[in-house]
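*Asks:* Here's the letter readout for the chains.
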Amino acid sequence: MDRTVDKRDAAAGPAPDGPDLAQPNRISHPLRPGRWLAAGVTALVLVWLGWTIAVNPNLHWDIVVDYQFDRVILEGLWVTIQLTVASMLIGVVLGVAVALMQTSSSRILRTGAMAYVWFFRGTPLLVQLIFWFNIALIFPEIGLGVPFGGPKLVTWETNTLVTGFVAALLGLSINEGAYMSEIVRAGLRAVDPGQQEAAAALGMSRSKIMRRVVLPQAMRIIVPPTGNQFISMLKTTSLVSVIAGADLLTVAQRLYLTNFEVIALLIVASIWYLVLTTVASVGQHHLERRFSRGFGGTVPGTLRGRIGRNLRFTGSAR
Amino acid sequence: MTAPMVRCQRLRKSFGRIEVLRGIDLVIERGQVVCVVGPSGSGKSTLLRCLNHLEEPQAGRVYVDGELIGYDERDGRLRPLPDARLRRQRESIGMVFQRFHLFPHRTALENVMEGLVAVKGVGTAEARKRAGDLLDRVGLADRAHHYPAQLSGGQQQRVAIARSLAMSPKLMLFDEPTSALDPELVGEVLEVMKDLAASGMTMVVVTHEMGFAREVGDHLVFMDDGLIIEQGPPREVLAAPRHERTRAFLSKVL
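Chains as they are written, first to last, in our numbering: chain Y, 47 to 364; chain E, 4 to 257.
Looking at chain E on its own, in the form it has when it is part of the complex:
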């Protein structure tokens, strides 16, 4: 029996007095594409950031591939993982940000190479070749030597996806990957994500793109006020939401 790719148990997180996550239980199977939707401030992004320990939860556990994230648990006590081990966990979890966060002082190719060279210790020549292949995969082979500032938002986000894929992650997190894009650029990014889903990658996608959720998602999670209100197959949840708050939200975005 293998563990699910992601298991969150009773996850809680507050910033000061504001409780952003109020007890999240979530299981994500291997190869699943999970879309997380909900109004802004509902805790979607915070949940995602807890999965690779960019945020430290106050309570609860996150397991990725059966491994407790961020801590060592012994005799019922948690110890923060040594930096090196936390880094190894993050290495295997790719993350794509709303605002891309490409390294502006490096070209597209160098951005994709960065993790290979600086984290995996791959030689420059080999890294350049692999990065070139990845840029080709996201359709940007001809933009390899452009700096991020010379690329459109959609192109930047595709480079960011390639940069994450370079680490050969087992799980990919997408934090509103198309929210900062002009409407006509959304499609090219979703297309790359669709290909990635088809390749069997486990993906957690915080998004407002209900079309993508319906078409590509295996599972839809609706969050509000720090809790998962409703989850299930996207077509069912979108077509016939059971909960009043889900209905209210969907009526505004659909």
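With the rest of the complex left out, here is chain Y:
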């Protein structure tokens, strides 16, 4: 040991028979009986739940196994994935556009954006879906031509154009756009205005400032709630079962209407939803890490570490 440390120890030591301050502190943590009790009860409930589900004869696990990879179910699963991805993509594009409109200096653009968010956030998605599905009742034909009653170049039957899938896509993505615009707006506002000034002082154009400076930083704020929206969308697509959307829940319903295995098929569908949301959560975690570059470790630890910590039995008593 070097001399300065010795001197300090000598100065800090209260008496020759006092504690040895060179050693790590020995701290005896108090027992926490309440926490141990709660942990015990939780573990008991978990085990009981697992057991009762596993042995319950009414759940027909054999049927679940039979249908889990059924061709019809897999087709519905594929529709659900397509609907989710497509609606989210359109929703994000709409959201960015509307958020940019909201920050525009034109009052008309701002009002248009506000009206969009107000309407589509203010009415139930279920109503919007049914509305899009029945759009032919209002507009029996859709055409290209001069607006306000002018001549038409081409027209289509609305019912051939707006199928169940198209109605679902319209309803989900336009609704999502309204929510995404609020998320994007919050992200844009979180970026220091000095960033735009610095970029403008370099001579960067407005669109480049947005693309190269503001949006990449806003992404850090935008990505986590967007991941949430995506996960939520995976399940929200099940609403389209009311308009014959052929998604996972719809096909499960069609199957149990013929074989009366209601619970088993709902379990089949739920298992797939859980698989999808789990995969999406992992993807979200990696995206968050990607966009927090340069901002220090704002994403706590790795996903594996987090799960591992929860599963380890010891070491959690602190």
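Below, a list of computed lysine-lysine pairs in the DSSO-like style, where the Cα atoms sit at most 30 angstroms apart: (1) E/LYS173 x E/LYS132; (2) Y/LYS254 x E/LYS173; (3) E/LYS123 x E/LYS197; (4) Y/LYS254 x E/LYS132; (5) E/LYS255 x E/LYS197; (6) E/LYS173 x E/LYS123; (7) E/LYS197 x E/LYS173; (8) Y/LYS254 x E/LYS123; (9) E/LYS197 x E/LYS132.
Rather than coming from a laboratory, the hints here were simulated on the basis of the structure.
Please arrange chain E on chain Y, whose structure you already have, making use of the hints.
*Replies:* Same frame as chain Y, but now just chain E:
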């Protein structure tokens, strides 16, 4: 006869009811280092921000290198310049901010490259080389791949200076470049600025560093309440201020 680097005529700027600049006339010659001092709220920063049109003045004109900034003047009427031309004007005027405003999602090297790539359209390889040289010039070659959050304030400000220099500006504006720094980091930034001044760069520096003004400045401008109260060679103004308000201010900061 060549025009001065900067000429401000009757420059006025208000924010709402508050008049921040109340008629500024100022001429800055090529290669001059002009230090602008004065109490906070006197309009120093606003004046600086008018020089590259980050603020639009309500009245008066700013000419840089003989060119009217921000507007086209025809038949006594001003029209805002098209974006592309305003951008070209800003490209040639470097600006360094009090709070650095480095792009946090890019490394030091990428920050310096940004203007070259995104504005000047220089290829990535060439931009990387030039940015590396500039970082070397401000003494940060070994920090090229650090993100701003991993750099000290002084290092960040030196990167910001390199980022501005990458655009090969003819005029550099410094808005209190050392005010956000810990005292022991001020020196390294002033050192870089001193080298820049020695290279012949025209500089306008809003600052509280009277030592720098005396040592490096060619011209000192004292502002108070939106007006230039007094100007002249720094040693003279600092040693023997003629105006009462200058004296009062200097007695507090010196």
